[in-house]
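K.L.:
Convert by adding 60 to the 1-based position in the sequence shown; the result is the number in the numbering used here.
No wet-lab data here; the hints were simulated from the structure. Any given hint might turn out to be false.
[Said to hold, decoys possible] Lysine to aspartate or glutamate pairs mimicking EDC-like chemistry, simulated, CA-CA at most 16 Å apart: (1) K342 - E237; (2) K178 - D201; (3) K335 - E267; (4) K354 - D338; (5) K349 - D308; (6) K354 - E317; (7) K178 - D205; (8) K84 - E237; (9) K191 - D201; (10) K349 - D306; (11) K354 - D295; (12) K177 - E228; (13) K232 - E344; (14) K335 - D271; (15) K246 - D89; (16) K178 - E255; (17) K212 - E105; (18) K186 - E202; (19) K232 - D201; (20) K177 - D295; (21) K354 - D329; (22) K232 - E105; (23) K342 - E267; (24) K290 - D306; (25) K286 - D306; (26) K246 - D272; (27) K349 - D272; (28) K290 - E202; (29) K290 - E305.
Because the structure is a prediction, the values reported are computed rather than measured.
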Amino acid sequence: MCSDIVDDMSKATFTIAYDGPALKNHAMDVRALAPALLGFGTLFEAANSTLNGESAKTKVQVTALESGSFQISFEVVQTFYSHIVAILSGPTISAAANLQSLLGFGGVIGGIIYLIKKFRGKSPDKVTPLKDGMVRLQYGDETVDIPIECLKLLQSLPVRDALQKIIEEPLKMDGIEVFEVRSGGKTIESINRSESVYFARPSVPDEILVDDHRRAAFSIMALAFKDDNKWRLFDGTNTISASIEDHDFLRRVNLNEVSFSKGDVLVCDIHIIQKQTDNGLKTEYTVEKVIDHKPAARQIPFDFE
């Protein structure tokens, strides 16, 4: 890093609490607490990355475990490069205010919690850009205007993952019934168990990245004779699982008109679809037509005149 760039730091604090019969002694099962604590770190890192990119870094620190239900105070520390602070608003003290308004529970993160709760986790039916960095969300007959930053976090899968760990997952456990955000001794947001289901991470439709038809040769690794079972085929480099949709070929196999031996090769027209899914990249293979079945070589070929 260049020596003329000095890091500046800003801080914001907030308090959350879980409540319910299981917490009457102000103790919380570590199986619920640990993922929730990690979720807070992920939430602010994801929010900061979405809003600021690489221009600032955040870390979340637990500053106190307090009495009263099960209450935890956090401090979010954000590090800026000095020229980034100037871009945001000038002096470091203003950058701290930005941190509170952008990332705090009274700001953008609080805004998406409010929206998720109010509209029961549903996605808006329509999004309309407005002036001055605002957008209008339409849910049925109701509309709400929010900052574009709020929309970005509402769409962020890492942010929604973190909210699930913080709110939905702990409140599924016996005896934990309420999640609250508190400030100055007052509750500014409260979510009960029935509302917590709205914070489950929404599913995202698969996106098709590649849709390709090609001809290829495969050796047979394993056959499957039950409906919908896939054959394991080897292309010389990789083993794949493929659905067989050549019904005439399957008919001949079922009638024992086709037999297989180790080393046999199928030349096939194959359909390949690659999708981006919730769990990452997924590839599907379908054999549309078996063009040729080449038995394994059993004789040395000679040229005859």
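K.L.:
With reference to the structure, classify each hint as holding or not holding.
P.N.:
Consistency of the hints with the structure:
1. Straight-line distance between C-alpha atoms of K342 and E237 comes to about 37 Å, which puts the hinted pair past the 16 Å bound.
2. For the proposed pair K178 and D201, the alpha carbon gap of about 14 Å is at most 16 Å, so the pair holds.
3. Simply put, K335 and E267 have alpha-carbon atoms about 5 Å apart, close enough for the 16 Å limit, and the pair holds.
4. A hinted pair counts as satisfied when its Cα atoms are at most 16 Å apart, and K354 with D338 does not qualify at roughly 39 Å.
5. Only pairs whose Cα atoms come within 16 Å are accepted, and K349 paired with D308 is accepted, the gap being roughly 9 Å.
6. Proposed proximity of K354 and E317 is supported: the alpha carbons are some 14 Å apart, at most 16 Å.
7. A threshold of 16 Å between alpha carbons decides the hint, and for K178 with D205 the separation of about 14 Å falls inside it, so the pair holds.
8. Between the alpha carbons of K84 and E237 the distance comes to roughly 12 Å, so the proposed pair stays at or under 16 Å and holds.
9. The straight-line distance between the Cα atoms of K191 and D201 is roughly 22 Å, outside the 16 Å bound, and the hint therefore fails.
10. Using a Cα cut-off of 16 Å, the hinted pair K349 and D306 holds, with the two alpha carbons roughly 5 Å apart.
11. Distance check on the hinted pair: K354 and D295 sit about 14 Å apart at the alpha-carbon level, within 16 Å; holds.
12. Of the pairs offered as hints, the one joining K177 and E228 holds, with about 12 Å between alpha carbons and a cut-off of 16 Å not exceeded.
13. The straight-line distance between the Cα atoms of K232 and E344 is roughly 35 Å, outside the 16 Å bound, and the hint therefore fails.
14. For the given pair, K335 sits about 9 Å from D271 by alpha-carbon distance, which is consistent with the 16 Å threshold.
15. Between K246 and D89, the direct Cα distance comes to roughly 25 Å. Violation of the 16 Å bound is thereby established for this hinted pair.
16. Pair hint K178 plus E255 holds up; C-alpha atoms about 9 Å apart against a cutoff of 16 Å.
17. Using a Cα cut-off of 16 Å, the hinted pair K212 and E105 holds, with the two alpha carbons roughly 14 Å apart.
18. About 11 Å separates the Cα atoms of K186 and E202, which keeps this hinted pair within 16 Å; it holds.
19. Among the hinted pairs, K232 with D201 is inconsistent with the structure: their alpha-carbon atoms are about 32 Å apart, more than 16 Å.
20. The hinted pair formed by K177 and D295 fails the criterion: a straight-line CA distance of about 51 Å is larger than 16 Å.
21. Taking the CA atoms of K354 and D329, the gap is near 15 Å; set against the 16 Å cutoff, the hint holds.
22. About 25 Å separates the Cα atoms of K232 and E105, which puts this hinted pair outside 16 Å; it is violated.
23. Of the supplied pair hints, the one linking K342 and E267 holds, its CA atoms being roughly 10 Å apart against a limit of 16 Å.
24. About 13 Å separates the Cα atoms of K290 and D306, which keeps this hinted pair within 16 Å; it holds.
25. Between the alpha carbons of K286 and D306 the distance comes to roughly 15 Å, so the proposed pair stays at or under 16 Å and holds.
26. Proximity of K246 to D272 is assessed by CA-CA distance (about 58 Å); at most 16 Å being required, the pair is judged violated.
27. For the suggested pair K349 and D272, the alpha carbons sit about 14 Å apart, so the restraint of at most 16 Å is met.
28. Restraint check for K290 and E202: not satisfied, since their Cα atoms lie roughly 48 Å apart, outside the 16 Å limit.
29. For the suggested pair K290 and E305, the alpha carbons sit about 10 Å apart, so the restraint of at most 16 Å is met.
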